[in-house]
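From first to last, the protein sequence lines stand for chains D, E, G and B.
Heads up, the first sequence is in our numbering, so the first residue is 1 and it goes up one at a time.
Heads up, the second sequence is in our numbering, so the first residue is 1 and it goes up one at a time.
Heads up, the third sequence is in our numbering, so the first residue is 1 and it goes up one at a time.
Heads up, the fourth sequence is in our numbering, so the first residue is 1 and it goes up one at a time.
In case anyone wonders, no lab produced these hints; they're calculated from the structure.
Some clues are possibly wrong.
Pairs count within a copy or across copies, as identical chains cannot be separated in the list.
What the hints assert, rightly or not - With a straight-line Cα cutoff of 30 angstroms, these simulated BS3-like cross-link-like pairs (lysine-lysine) come out: (1) K56 <-> K208; (2) K137 <-> K188; (3) K272 <-> K208; (4) K221 <-> K1; (5) K208 <-> K235; (6) K111 <-> K1; (7) K272 <-> K221; (8) K82 <-> K137; (9) K56 <-> K272; (10) K56 <-> K235; (11) K188 <-> K1; (12) K137 <-> K208; (13) K82 <-> K188; (14) K272 <-> K1.
There are 4 protein chains.
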Amino acid sequence: KINVGIVGGTGYTGVELVRLLVRHPAVHIAALTSRTEAGTRVDAMFPSLRGLTDLKFTNNDANELANCQVVFFATPHGVAMKQARELVENGTKVIDLAADFRLQDTAEFEKWYGMPHSCPDLLAESVYGLPEINRAKIQAARIIGNPGCYPTTVQLGLLPLLEQQAPLIDPASLIIDAKSGVSGAGRKAEVSLLFSEASDSFKAYAVKGHRHHPEIAQGLKAMQSDTTHHQVFDKLTFVPHLVPMIRGMFSTIYVRLTEAGLATDLQSLFEKRYADEPFVDVMPAGSLPDTRSVRGSNHLRIALHRPNNGDLLVILVVQDNLVKGAAGQAVQNMNLMFGLPETLGLDVVPLMP
Amino acid sequence: KINVGIVGGTGYTGVELVRLLVRHPAVHIAALTSRTEAGTRVDAMFPSLRGLTDLKFTNNDANELANCQVVFFATPHGVAMKQARELVENGTKVIDLAADFRLQDTAEFEKWYGMPHSCPDLLAESVYGLPEINRAKIQAARIIGNPGCYPTTVQLGLLPLLEQQAPLIDPASLIIDAKSGVSGAGRKAEVSLLFSEASDSFKAYAVKGHRHHPEIAQGLKAMQSDTTHHQVFDKLTFVPHLVPMIRGMFSTIYVRLTEAGLATDLQSLFEKRYADEPFVDVMPAGSLPDTRSVRGSNHLRIALHRPNNGDLLVILVVQDNLVKGAAGQAVQNMNLMFGLPETLGLDVVPLMP
Amino acid sequence: KINVGIVGGTGYTGVELVRLLVRHPAVHIAALTSRTEAGTRVDAMFPSLRGLTDLKFTNNDANELANCQVVFFATPHGVAMKQARELVENGTKVIDLAADFRLQDTAEFEKWYGMPHSCPDLLAESVYGLPEINRAKIQAARIIGNPGCYPTTVQLGLLPLLEQQAPLIDPASLIIDAKSGVSGAGRKAEVSLLFSEASDSFKAYAVKGHRHHPEIAQGLKAMQSDTTHHQVFDKLTFVPHLVPMIRGMFSTIYVRLTEAGLATDLQSLFEKRYADEPFVDVMPAGSLPDTRSVRGSNHLRIALHRPNNGDLLVILVVQDNLVKGAAGQAVQNMNLMFGLPETLGLDVVPLMP
Amino acid sequence: KINVGIVGGTGYTGVELVRLLVRHPAVHIAALTSRTEAGTRVDAMFPSLRGLTDLKFTNNDANELANCQVVFFATPHGVAMKQARELVENGTKVIDLAADFRLQDTAEFEKWYGMPHSCPDLLAESVYGLPEINRAKIQAARIIGNPGCYPTTVQLGLLPLLEQQAPLIDPASLIIDAKSGVSGAGRKAEVSLLFSEASDSFKAYAVKGHRHHPEIAQGLKAMQSDTTHHQVFDKLTFVPHLVPMIRGMFSTIYVRLTEAGLATDLQSLFEKRYADEPFVDVMPAGSLPDTRSVRGSNHLRIALHRPNNGDLLVILVVQDNLVKGAAGQAVQNMNLMFGLPETLGLDVVPLMP
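For reference, chain D alone in the conformation it holds in the complex (with noise of 0.2 angstroms):
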């Protein structure tokens, strides 16, 4: 078995990776650490997981993940690459859930998360972790900057357009509504987190800038050779809101079609780019996805509309924010590099109702 590390287990990506891994068939969870909870039983914290696992989180540090193959990091952006270098060095191999591995542009970097880039030559050889393009790459990758949340359904809603030769879209007019469950903004004590705060109410936020849009605009940029359009990305909109749910992201997206983009058969072109893909479903044309079809699963469903057969293709994206925008893709990325089989322990029902 592979035994593996958790640093920072406490916040919703930390435990939502227990509960995965936590009865992988292939793993150990030989660590999980916490700066304030060391000694403390994780089931004496979360309940849920009695009778799965004895472990005690532990304090974070060289000695306790140094028998790890592999540590994943998830804790506040600016943690991982200040451990990375000593754990790659010594062999294990490292899955960041933050931002640290995210953006190569360590301008962008600094710009977004007010914090310099501490190894960029570390950086520089990270594979940013979308295994639906990044697959081979990240089966030899010694640090995996895992995708944020919402930057996973963008990317997957426009990748079979974009990666195309012929331009299908017209980049210049991508607006992105995204809506996002509330356990996507952490398990922090916040007053606008609070139930009386955030149920039962709507709204948006972030709107004069987020910082999942410059990973969004390098994501896309990769994905198109041609850099005509490049800087247009830079310019896409993207505007979160709040739903008073507690998982599930929706991402609303709007382009416009070429006339090459208007004559091809785009639900064909997403099923064919998908085919093979396990944890991305394209459902049937006119398809209405909710959000709780992935509750507590990998998978990632698009569906495709255009309105009165006009030029603006609609893609809409339901995923689980905190399995396929997080800890469900990180533990695909484990497996990815370990030579397992991708879905390994990933074959969770989505809970419904």
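Since the structure of chain D is already known, use the hints to place chains E, G and B on it.
For chains E, G and B alone, coordinates are given in the frame of chain D:
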């Protein structure tokens, strides 16, 4: 006191009318009808009204409504148009909260509502009850078509832009990503509206076409004396979504600014346009309204954003779908029709939290 | 108009006071304090109040409150008792929504609240602000200890039974299974109150002991001139639970009837007792109240059940924890203290749905 | 693999059976019936199952079920008893998730379910499917009456106390204050179960009497060989409440301890009784279980409290009403009936948050 009748008192717009009218100082609820509940005390069905009224539901027949000076129809589409003639001929004013008097084009009505219009002449004289646009006409009207909930947010969100001579926006670029609480679907026993189906999930619906689409198009056309772009409005993009909350509506409106639009102080334009409107609140630039800020009240709030100072204007509009989006607006119309202060009986402070 | 001050205006009871007082016809809010938000407009923090007030938060100092005829303390426990003396000596009345003036036994206060009482003399003269029991005393009081939310439901649920000469119930059998919406815990940044923690789940809490326990016991004792059973009330069983809803409190009270109780028409007893109480609604026998029937209003509803006509009486009590359970009751007390109609400013129709 | 059939696949217990069985390693779902949806793919109705099954709903007729070794009835009451004889005579085992085989007293069945029992002989041989009590009998049974959700919590919460020779509790004092998520009411189009009715509110229901009452009484009697107190159980107090959450059941059980009970180490008693039970978790003394700790899993958790060290025992029991309270328990029974490991296919980690 004005004797009012409410036809269809068991749905959400009906009971919301009762909530507002039962303490309206100039009104006496003389009749409240329900085919299925005739004879039942309204406070037996809705205990929230205990101590506030002794009213019983009656059958919907002419005698019951004969003494009313105004009758609200909180009924399914098609009911008001059957009873309106007799009422107005007897001097009773009619406010229809359904769609019978919203669409002036009877072909459109028939297409979207699946029934012929039974009184095109009354439709022609009826007034679309959006006070911010039609105040004078409403004051003189015998029949009001009370606006749909989504169309209220979209029209008030775009009115200051579209009523200008110089075109400030490119109408072909208009995208409305709208979100509604579940009460917008009415008090109907449908599986898809069950708590266990609709809570903790999010979805789009009616992407292929929604009945409010032609109403929005009609309203936007009416704002422009120049008919050049009228066809374009028929093709606007409108994608409604269902939010797991009881009340509340949030419209995120995306539209490209023209050169003239870019040169205009839009914040100031909106603030001036609505300076004297008691129920339209233009929030400070950059505000992020949430739906709970209008819970239970007749207010609609608007905030303007221009991400990255680009040419895309993002207009955020919130209202309570049952108040400004339905019953509250109907009471506002009644106040106008009877020469009462426009805000009378509508001084409800939003319930927060 | 009466000049009122509110100390601690950023919590849920504080902003609820503002909601009620901002349209109270006999009141002017002269001061609203907050240590952390001094200088901020209250409607910038709570946009639901936009257009209703220009008030800014100020520091909590004597000058700000000097002009007030009454000051509400919507603060943590221990604040009001520090400021009360100066206020009442200047002729300002005090209504404390925290616990400083609830428990007459200072040892009990110290045990449950972890601080000594700083003004036992003022405590001794203060009046427990449950109008249905202490109306006359409230009218004459300088200082009111506004009841806790749970104690209000329990005392009003048992009052008609306990104030009888003949013992109608066996006090040793008393079990209170109580349920509260999340706003009852206040507007505090705590992980356990986050949307993602508290929604879609249910739990008991404070089973070992809750601060409202001694307050309930004190209140029930006060109803009985015969002190025989007073010790028994100290051992009553009170188990609170947390419900995933914003507002609302539901107490299910179980108690065995004596022979005298079995021989009494309890429905009639309750109806007569509360016949003249404007905010206590005894529902018809067999009713099943829901908390939403009082959402936003100062009403408390009671329904009596005797399953299988046995000797166990089940009393169901609902209220809005922030209104009759806090701010509404405080306004009711203020009305009494100033000789105003008791219901003034409290004519809010419950928000349903 | 075992061929299983599910009759009534469109309700919540039906689709929950599919969720569990579709990845059960020893099972093949051979038939899934629905009168109304015959011909529809199950994943068209429930997109959460896309990619997991190609199954279509069929009519409920004998041919479809002929190949099944076991048939689950997730149907309204009265369906299973009509089909059971033909099935068992053909060697097919039957697990009924409705009430047809729960109550051995046919008069009680008729009284509570309003229909005569059509096969009293099969009822007599059927086994009540609570594995923690009837494991050996279940292994040998042809027909299982799968327990109701509330009765499962109450019986497992009281079992260690009642199966002792010495009476540890006073059965006359028993009060069960139970709370259920909305999915417990089924997937029925009823107004009272709508999102806008059931969310953000709390209520008691069926206070006059609930169908699970006689089932609880029967179960508790069966735990005691001494029949002295059997009549008392008929009069136990059981008050169910509706919680605004999808899944989850919480029973707060109050019972007076006898001298023998006071002298017993109850925590130890419970821990020993359930030490080998894979799905019953006795939490450490003083624990406060929440329903989300079992969301989606077959576990039931129990915590014991004695407030103030008095003679009242408070037993807190949580389960997922659709899993241990219905479909999960049914699969557990199937595993027993076919000699499979009892936990096979039930290794779902609770979904948290």
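**Asked** Taking each numbered hint in turn, which are not upheld by the structure, reported in ascending numerical order?
**Response** 2, 4, 6, 10, 11, 12, 14
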